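Each residue of the sequence shown is one higher than the one before, starting from 131 at the first, in the numbering used here.
Keep in mind the hints are simulated off the structure, nothing from the lab.
Be careful, since some hints might not be right.
[Said to hold, decoys possible] So the derived label-pair ranges between C-beta atoms look like this: (1) Met172 - Glu146: 14 to 22 Å; (2) Ser142 - Cys189: 29 to 37 Å; (3) Arg149 - Leu192: 29 to 37 Å.
Just so we're clear, the structure is a prediction, and the values are computed from it rather than from any experiment.
No residue lacks a Cβ here, since even glycine has one placed at the ideal position from N, Cα and C.
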Amino acid sequence: MSITPEMNTDKSEAKELIRDWIKTGRGNPWIKYVCDPPFNEMRFKGYIERLLAATREQCLKLEY
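Put together the whole structure using the sequences plus the hints.
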């Protein structure tokens with residue numbers, strides 16, 4: 131399942147997307163760390179924040 135512009139992304143759809151993402155990404159050490167118990171919203175949010183920060187840092191390096 132993937133997000134499309136037509137999709138109504140309510141909480142149940144978002145949870146399904148996260149579960150699907152977790153199942154397909156367990157081989158990735160970053161994702162495995164986030165998914166291993168206890169999996170909760172704060173841990174997931176922290177992972178996303180770190181991922182965005184790393185991505186931003188890489189983008190800044192490309193600009194210069």
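Which numbered hints turn out to be false for this structure? none
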